[in-house]
Structure formats: structure tokens, C-alpha cells
Amino acid sequence: EKFPEDPESSRLAFVLENVLARKTRIWKVPVLQNLALMVFSPALSGSA
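If you use our numbering, the sequence shown corresponds to residues 5 to 52, in order.
Just so you know, these hints were derived from the structure itself, not from any lab. Ideal placement from N, C-alpha and C gives every residue a C-beta, glycine not left out. Any given hint might turn out to be false.
Stated by the list, open to error - Here are the computed distance ranges between Cβ atoms for each label pair:
no.: 1; residue 1: Glu12; residue 2: Ser45; range: 40 to 50 Å
no.: 2; residue 1: Asp10; residue 2: Ser45; range: 41 to 51 Å
no.: 3; residue 1: Leu16; residue 2: Leu39; range: 41 to 51 Å
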């Protein structure tokens with residue numbers, strides 16, 4: 005079921021998608037690196 009084409013709502017969706025894409029591009033890599041460190045560093049240091 006597709007929403008009726010409302011220019012305002014489609015513009016808002018477009019803006020939100022752009023903002024989310026920008027934020028994701030900014031923080032995805034550091035978050036993944038931190039997650040990998042949290043998961044692997046205890047195992048590597050032998051404290052797990």
C-alpha cells in the first residue's frame with residue numbers, strides 16, 4: 005500500500021533519508037571498530 009503522493013511528505017522523507025545516510029556514513033566505521041575492539045581485545049589479551 006503506497007501513500008498518496010504528497011509533495012510535503014515525500015520531501016520530508018527525502019530529507020530524512022539524506023540525514024540518516026550522512027549520519028550512518030559518519031559513525032558506522034568508528035562504531036564497527038569499537039565493537040570489534042570490545043569483542044576481540046578480551047580474547048586476544050587472554051582475559052576472556
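>> Hint compliance check: list the failing hint numbers for this structure, sorted ascending.
In response: Hint 3 is the one this structure does not satisfy, whereas the remaining hints hold.
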